[in-house]
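Assemble chain Z onto chain R, guided by the hints.
Protein chains: 2
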Amino acid sequence: MSLTIAYQGEPGAYSEQASFDFFGPNCVPQGKKLFDDVFDAVASGNADHGVVPVENTLAGSIHRNYDLLVRHQLHIIGEVMVPINHQLLTLPGVALADVKRLYSHWQPLGQCEHNLRKLLPTAERIEVYDTAGSAKMLAAEQRRDTAAIASRRAAAIYQLSILRESIEDDPSNVTRFVVLSRQPAPQMPASAKPKGYKTSIVFTVPNIPGSLYRAMACFALRDIDLCKIESRPVAGSAWEYFFYIDFIGHPDEITCARALAHLGEFASMLRVLGSYERAN
Amino acid sequence: MSLTIAYQGEPGAYSEQASFDFFGPNCVPQGKKLFDDVFDAVASGNADHGVVPVENTLAGSIHRNYDLLVRHQLHIIGEVMVPINHQLLTLPGVALADVKRLYSHWQPLGQCEHNLRKLLPTAERIEVYDTAGSAKMLAAEQRRDTAAIASRRAAAIYQLSILRESIEDDPSNVTRFVVLSRQPAPQMPASAKPKGYKTSIVFTVPNIPGSLYRAMACFALRDIDLCKIESRPVAGSAWEYFFYIDFIGHPDEITCARALAHLGEFASMLRVLGSYERAN
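Chains as they are written, first to last, in the working numbering: chain R, 1 to 280; chain Z, 1 to 280.
Calculated from the structure, these hints are not laboratory results.
None of the values given here were measured: they were computed from a predicted structure.
The C-beta atom is built at its ideal place from N, Cα and C for all residues, glycine as well.
A hint or two may mislead.
Unchecked claim - Dumping the calculated EDC-like pairs for lysine to aspartate or glutamate here, alpha-carbon to alpha-carbon at most 16 angstroms:
#1 R:K33 to Z:E127
#2 Z:K228 to R:D169
#3 R:K118 to R:D169
#4 Z:K100 to Z:E127
#5 R:K193 to R:E277
#6 Z:K228 to R:E240
#7 Z:K33 to R:E127
#8 R:K228 to Z:E230
To be verified - Distance ranges between label pairs, derived from CB positions:
#9 R:R222 to Z:P206: 14 to 24 angstroms
#10 R:M269 to Z:P206: 30 to 40 angstroms
#11 R:L3 to Z:P11: 45 to 55 angstroms
#12 R:S237 to Z:P206: 32 to 42 angstroms
#13 Z:P25 to R:Q73: 43 to 53 angstroms
#14 Z:Q142 to R:E240: 41 to 51 angstroms
If we strip away everything but chain R, and leave its shape as in the complex, we get (with noise of 0.2 angstroms):
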C-alpha cells in the first residue's frame, strides 16, 4: 500500500518534491493549508507521515515548525535538502513591463528580494499562503497583470510560462526538510557509524547568567558537532526560550547518551525530537 504523505502547499509546491525525494515516486503526497493542519494529520493518523522545511540557507528558519514540534509529540525519522529555483511565471505572453502585482509568499519574496527590487521594483506585493498555491490561483485568475514565484514543476501543473528563471538571490538556496512520524525511527544498526545520524534536541534552562552555555559545554567537551542551534521565545515567559539543537551522532552510541544525560542534569526540559540518517 502506498505511503501517504502531509504537506503544506498545493501540488507543485516544494514540500510535495521533497515527499518524493525522500519516499518515492510510489508515495501519494497530501497537500494540507497550513503547517498545523501537517502536524494534525499525522498525529491523528490521517496520514502516514508528514514533510515539513525548518531552515532555509538564504531566509533562515522556518519558525512556525519548531513551535509546531514542541506542541506536538511526533518524531523527526529523517531530513531532505532540496536545492530551491524559483520561476518568475505569468499567463503565457506577459510581458515584465506588462506586471504590475506579484503574488507570493514570504519565503520566496525574502530569497528573490534584491532581484526583485530590479525586475519589479513597482508592482504591488500581494502575500499568499504559500507558493505553488500563487500559481495556481494566477491560472484560475487569468490576470494578464500579475506575475507568481514557484517552481519549475508549478509553471508546468499550472501551464504558466516562465518570464524569467531562478530569480533568487543566491544560487546556493537549499531548504532542509524534516520527516514527521508517530514512531521513532527504527534503532541504529550495530554495523552503523554513529558519524552518519543526526539528533534533533529541544531544552529549556533556568533563566540565570550561563545556562546556555553549560549546556553547550555537555556537547563541546565530549567533541560532538553542533550543526544548528535556534531559539524560540517560550509564550507566556517573557524572555525565557526553547533552544533547539541538531548534533551529529546517536543517543544509541553511549558519548551521545551521556551528553544528553548530562545536560538532562541540569534542564528544565529535555526531549529528543529524533535520530535519524544525515541527508547527504
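Below, chain Z alone, put in the same frame as chain R:
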C-alpha cells in the same frame, strides 16, 4: 528643531508608538513602507533616527532587521519595550458573523493565532505589509465583510470599531525595538553602572566544532550575562551563520572590553552594533 524618526508602517503602528516613547511627544515620526526604507532613510540623512522592532515575546525575532543591521553601518543607541495589545477592528456596526475576510500582517496573525482559530476559523486570511496599514486599507475600502488587527490608536485614527479587545493569545506580549543612528551613543558616564547598559554585537566564527561554545566562553568565564543569542544564515555560504549576542555591560568597562578582545582573537568577523542604556 524636532527630530525626524523613520519607522515602518502607517500612523497608528506600534513602531510609531515606540518612537514617541523614546523621543517624546515632539518628535516627528515618518512612516516608511519597508524596514529597508527605514535603514536607508537614516543612512542617507533623510531622517535623524530610525526605530525598528527586533523581537517579540510571542512571535520571536524580526529577522529582516537583524539582516539589515549587518548590511548597514548604523549604530544602536537605545532600546524601547512596547506592550502589544491587538484589537479586532471592523467598520461600525459589523458583527462577527459578517466577517469573511481578515487583513493583517504575519506578526499579529502569529500572536493571535489561537484566538483567531476560535473567533474566525474560516475567514480568508489576507496578509498585508503592515499592521496599522491593514486598518487604513479597511477604512478606505469600507468593506463590511472584512476585519483588521491593529492597535487601539489605529482604531481611533481610522474611525473603526473595536469588535473584540486584546485578542493576543497571551497577555505578556511585548515588542523590543532598537533605535538607530548614524553616530554611536555617547560614552558611558564615569558615574554610571555598567549593568545599566546593554551591548549588541554580531560576529562570525570558523565553521568548526566548538566555535560558538568558545565564543560564549568569552562572556561566561567573565560572568557577563547574555540576554539574547540569535543566528542568521550568511547568504551565499550554506549553513554558515552570523551570530548576534546582546550582553549586559558596556565596553567602556574593562571586563566587557576584555571579553570583546578575547572574542576578536578567533572571530572571523566582529562588530559592535551599539552600547546603550537598558530599557525598564
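Each hint, compared with the structure:
1. Proposed proximity of K33 of chain R and E127 of chain Z is supported: the alpha carbons are some 15 angstroms apart, at most 16 angstroms.
2. Restraint check for K228 of chain Z and D169 of chain R: not satisfied, since their Cα atoms lie roughly 29 angstroms apart, outside the 16 angstroms limit.
3. Taking the CA atoms of K118 of chain R and D169 of chain R, the gap is about 11 angstroms. The hint holds against a cut of 16 angstroms.
4. For the given pair, K100 of chain Z sits about 14 angstroms from E127 of chain Z by alpha-carbon distance, which is consistent with the 16 angstroms threshold.
5. Of the pairs offered as hints, the one joining K193 of chain R and E277 of chain R holds, with about 10 angstroms between alpha carbons and a cut-off of 16 angstroms not exceeded.
6. As the CA atoms of K228 of chain Z and E240 of chain R are separated by approximately 10 angstroms, the hinted pair is consistent with the 16 angstroms bound.
7. Note on K33 of chain Z and E127 of chain R: the hinted pairing holds, with a Cα-Cα distance of about 15 angstroms set against a maximum of 16 angstroms.
8. For the hint pairing K228 of chain R with E230 of chain Z, the CA-to-CA distance comes to about 11 angstroms; that is within 16 angstroms, so the pair holds.
9. Hint check: R222 of chain R to P206 of chain Z, Cβ distance near 20 angstroms, so the stated range 14 to 24 angstroms holds.
10. Look at M269 of chain R against P206 of chain Z: about 31 angstroms separates their beta carbons, and that is inside 30 to 40 angstroms.
11. For L3 of chain R and P11 of chain Z, the hinted distance range of 45 to 55 angstroms is satisfied, since their beta carbons lie about 52 angstroms from each other.
12. Against the hinted window of 32 to 42 angstroms, the Cβ-Cβ separation of S237 of chain R and P206 of chain Z comes to about 34 angstroms, which satisfies the hint.
13. Between P25 of chain Z and Q73 of chain R the beta carbon distance is about 51 angstroms. The supplied range of 43 to 53 angstroms therefore holds.
14. In this structure, Q142 of chain Z and E240 of chain R meet the distance hint of 41 to 51 angstroms, their C-beta atoms being roughly 43 angstroms apart.
Hint 2 from the earlier list is the only one contradicted by this structure; the remaining hints agree with it.
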